[in-house]
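J.: Given next are the chains, with one letter for each unit.
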Amino acid sequence: MGSGGQGVVVAAKLLADAAAKGGYISQSFASYGALRRGGQVESFVRISGSQILVHSKMYGADYLVIMDESFVKKSKPALGVKDGGVLLINSSELPEAFSSLGDFKIVTINASSIARSRGVLLPNGVPVINTTILGAVVGVVSIVNFDHLAEAIREGKIPVPEKNIEAAREAYQEVVGEAKVAAAKGIEGGNLEKAAERYPVYNRDKMPRCNRCMVCYIFCPSLAISYETKPFWLNINYKLCERCGICIEECPRKAISWGVSN
Amino acid sequence: MTTTEMPLRYTKEEYIQPPHGFCPGCSIPSALRWFLKVVGDKVILLMPPGCASPSVLFPKRSLIYQGRYIKVVATPFGSAAIFAGGLKSALIARGDTETQVVAWAGDGATFDIGLAGVSGAAERNDDIIYVCYDNEAYQNTGNQRSSATPWGGTTTTNPLPNPKMEHKKDIMSIIAAHRIPYAATLSTAYPDDFMRKVQKAKGISGFRFLHILTPCPAGWRFPLELGVKVARLAVETKVFPLFEVEYGDTITIAKEPKGLPIEEYLRVQGRYRHLAQEQINVLQSEVNKRWDRLQYLAKYSLGKGCFV
Amino acid sequence: MIKVITGNEAAAYGALLSQPEVVCAYPITPQSQIPEKISEFYAQGLLKGKFINVESEMAALGYVTGASLCGVRVFTATSSQGLAWMHEGLHWAAGARLPIVMANVNRPFGAPWNLTCDHIDSLAQRDTGWMQFYCESNQEILDTIIQAYRIAEQVSLPAMVCLDGVYLSYLSESVNIPDQAKVDEYLPPYDPQFEIPGGTWKLVDIHPPMKGGYDLFSPTGFMGDRYELHKLESRCLETVVKADKEFYELFGRSYPPVEEYKCDDADVVVVCVGSAVGTCRHVINSLRNRGQKVGLVKMKMFRPFPKDLVRKVLLGRRKVVIIERDLSPGQCGIFFQEIKWALNIDYKFTPVYGFVSGLGGADITATLIEKAILYTIEQELPEQEVIWLGLEEKKISDDYDRNAIKIH
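Chains as they are written, first to last, in the numbering used here: chain P, 4 to 265; chain D, 549 to 856; chain L, -19 to 388.
The shape of chain P in the complex, shown without the other chains (with noise of 0.2 Å):
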């Protein structure tokens, strides 16, 4: 379970290749939210040693994955999960933060860092965790094996399939027990995720610079720029902005530039 655009339905079918490289019969599925970016994805996977049958969502899994740690911090969904089945939760804190949930064993990773420290980004800074996510699930899910693991992520199409193969990898040995750093990992984490993303920031001090010419304002995707007048202002609604630059593009004067946050 993630959001539009983290890779959720990809990486149901790479455990899927997966599980049946290693001669497992498998079948992976998706339910879509709201059909556009940032609605909640889910998507299913069954591995059976037999054929499977059953053609419908997935109601009372073993194994949620969940890659949007925010669906599960904002309100208690129904988690389609069964009572005792297995939590694996892409974030920074420990697993008691999450006991609140309920009656399952929870596991924690922090795929947003592993990701962003191999490298496996999207051009806007934003980590990709799919992959990574993926290495922590065979971690769990023993019946998959981490190489056949190796072999789909090559094989799917997936762009630098070799970083992403080593995301996945310190992500499973992580889960398996073989790093020893993983508790101090948890508390150092923090907002790591936020770190290093960059946002347009609007320098009106830096004279003589913004000459009024209302570009960023008119050019915004995402409707994002709003102004004000007497005196001039420039809002910038960071819950809006999608990060595309194009401001700092057209911004004739560069009065607008990238910032980084911290």
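FYI, nobody ran anything at the bench for these hints, they're computed from the structure.
Even for Gly, the Cβ is constructed at its ideal location relative to N, Cα and C.
One should not assume that every hint holds.
[As the list claims (entries may be wrong)] Distance condition first, Cα-Cα at most 16 Å in a straight line; then the derived EDC-like pairs of lysine to aspartate or glutamate:
| hint | chain 1 | residue 1 | chain 2 | residue 2 |
| --- | --- | --- | --- | --- |
| 1 | L | K(-17) | P | E200 |
| 2 | P | K108 | P | D65 |
| 3 | L | K(-17) | P | E154 |
| 4 | D | K717 | L | E213 |
| 5 | D | K777 | P | D65 |
| 6 | L | K292 | L | D245 |
| 7 | P | K160 | L | E20 |
| 8 | L | K30 | D | E714 |
| 9 | D | K560 | P | E231 |
[To be verified] Stretches of chain P that chain L covers, calculated by requiring three or more beta carbons in the stretch to come under 8 Å of a beta carbon on chain L:
| hint | segment |
| --- | --- |
| 10 | 26 to 35 |
| 11 | 52 to 60 |
| 12 | 161 to 174 |
[What the hints assert, rightly or not] Partner residues are not named here, just some residues of chain P that face chain D (Cβ under 7 Å, in silico):
| hint | residue |
| --- | --- |
| 13 | I221 |
| 14 | C247 |
| 15 | I249 |
Knowing the structure of chain P, use the given hints to seat chains D and L on it.
T.: The following block gives chains D and L in isolation, referenced to the frame of chain P:
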């Protein structure tokens, strides 16, 4: 002039209430935003399947003005112009001559499956504004080829080694040949020119056709920040000249392009990365040919005869 | 070779293995991956020629109809709205006896818009004369397309292979992709010739194919042609059964037009279509383990309607439960209608319970199926033609018919 006296260059009125569902960096919301800033909220938009209709309706309806939804009808794929004509007739029958009926359709719905519908509406001179936002493929279903895909372009239904070997359909010639009162090309890199043309179209009655080139970063494969630059290069390299046609025989060139070589436009886009020099030359010569023809017609037509 | 592929990819592989000579399709959700995958095959040189892009579905069917008139094997694919765009052409192709094979991804019609799963689109074309086959799994999709060519070319009628939108089209499953050589053994090249006075002719020369001459617009001629078409359709079943038997001998997999599953001593028999059949099997297994005598009938072939097989397996049962994914509004489910008609002979009465479920992609879960079966077991007789299964109460208006039976 102090900052407090500077006139507002663009009206503060917004008819799109973000967040909308368009992809980050998409140029279609800019086109829709500028269009509505001129036309206002007394409008009914007819959107066939494509990028625009799901994006203004999901994840939430985003065409809202002063707390009221702007009317959007999601029509069947080939029927935008047809529904629009019918809707306008109904409004006129009830005495409403102010509401603009606007078909907001993509290149797939205009150039391909809906072409007969557009032709019929143009021939009847239905009093509607037909806007075609052109991202040169069926982008919403995942970048499949349309007849608006340019020569040499790759899509999922003509992947390498078979890029499209037919030149982009010259939709403006086809529509202008119907002798409609106003047809124009618009660009998402020139907001003032864009809004001027929409203002002009608003004041004319009869069938008005607006063709907007809306670059798609996902389908054309360029970095998000170049969204406006790609649109600008399309105009400056004469790939997408800005002009207006009235009654099929009066052509006005809206902007003299700098005449940059087409490589500048092609090399920023991943969908053209495979082109060899001979192929680039083919594209350059086609672009030159169409531009020369346009200039010639602009000079000599001026109400003298048929455009095509 | 076993690959984990989606239903759309399975359809594309089925088409690839059948080696059509002209392929033309228009994209529509949830079918778009079929033309995309086939374009990839062309790009890789696995198919000769090139993938034809057209401007609408009407054009897609028209294009392959034109090609088929010249006696070549063709393929196209579409879904719901697109299938409706082709409606006129569907009648034409069947009337012209052209063995076109089309993959249809089942999705409902707007308004309101819905991009998931419903069988109304292909069922609304049941009067066109096309053969219709419904698939339960991705393996079956691939195999059925190959079989469809064999059947269509033998009887000379077009065939529609239907797969559930989203539940099969976007679902990835392990599929055994057969070798081209084996498929070539099963499916010989298509090159129809007809002997008529004056020599051997190809189909286009004697079109429309009518025995004894060409009676354009003549009422008796048209009626005679429809008599011939009806006769032809009535004899399809034996070809279908034979094709399936030969498929089993070569590939080891069989898909009977009407399949019985654990029906031998069943009191209650469930009839189902499409991907939900798999889920039904699972429920039947589970109920059998608990001592219930239930069985399943999978309707694979819907047109021409295999009424003899349906009668053989369903007449005389204590109860027949139909769980279908379609509705003829104001009437009842379409499979319910047709099966009830088939069972209504010799004044025997077989109680048939019609459950309408899963419209517009609503999930047909094992829990719902089990509830439907248990409800049926408790009822004496069916009370209404439509029993709503899995309808979300909060989505309907307050003054809805209070007599309607709903099961959640």
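J.: Hint by hint, say whether it matches the structure.
T.: Evaluation of the provided hints:
1. Proximity of K(-17)(L) to E200(P) is assessed by CA-CA distance (about 39 Å); at most 16 Å being required, the pair is judged violated.
2. Proximity of K108(P) to D65(P) is assessed by CA-CA distance (about 10 Å); at most 16 Å being required, the pair is judged to hold.
3. A distance of roughly 13 Å separates the Cα atoms of K(-17)(L) and E154(P); the hinted pair therefore holds under the 16 Å criterion.
4. For the hint pairing K717(D) with E213(L), the CA-to-CA distance comes to about 44 Å; that exceeds 16 Å, so the pair is violated.
5. Of the supplied pair hints, the one linking K777(D) and D65(P) is violated, its CA atoms being roughly 50 Å apart against a limit of 16 Å.
6. A distance of roughly 14 Å separates the Cα atoms of K292(L) and D245(L); the hinted pair therefore holds under the 16 Å criterion.
7. Pair hint K160(P) plus E20(L) holds up; C-alpha atoms about 14 Å apart against a cutoff of 16 Å.
8. Between K30(L) and E714(D) the alpha-carbon distance is near 14 Å, which keeps this suggested pair within the 16 Å criterion.
9. The hinted pair formed by K560(D) and E231(P) meets the criterion: a straight-line CA distance of about 9 Å does not exceed 16 Å.
10. For a cut-off of 8 Å, the count of residues in the segment 26 to 35 of chain P with a CB near a CB of chain L stands at 6, and the three-residue condition holds.
11. Here the segment 52 to 60 of chain P counts 6 residues with a CB under 8 Å from a CB of chain L, which clears the bar of 3, and the coverage holds.
12. With a cut-off of 8 Å between beta carbons, the segment 161 to 174 of chain P has 0 residues touching chain L; three or more are needed, and the interface restraint is violated.
13. Interface restraint check: I221(P) against chain D, minimum CB-CB distance 5 Å, threshold 7 Å, status holds.
14. With a cut of 7 Å, the hint placing C247(P) at the interface with chain D holds, because the nearest CB-to-CB distance is about 4 Å.
15. Using the Cβ-Cβ criterion of 7 Å, the hint placing I249(P) at the interface with chain D is satisfied: the shortest such distance is roughly 5 Å.
The structure does not agree with the numbered hints 1, 4, 5 and 12 stated previously, though it agrees with the rest.
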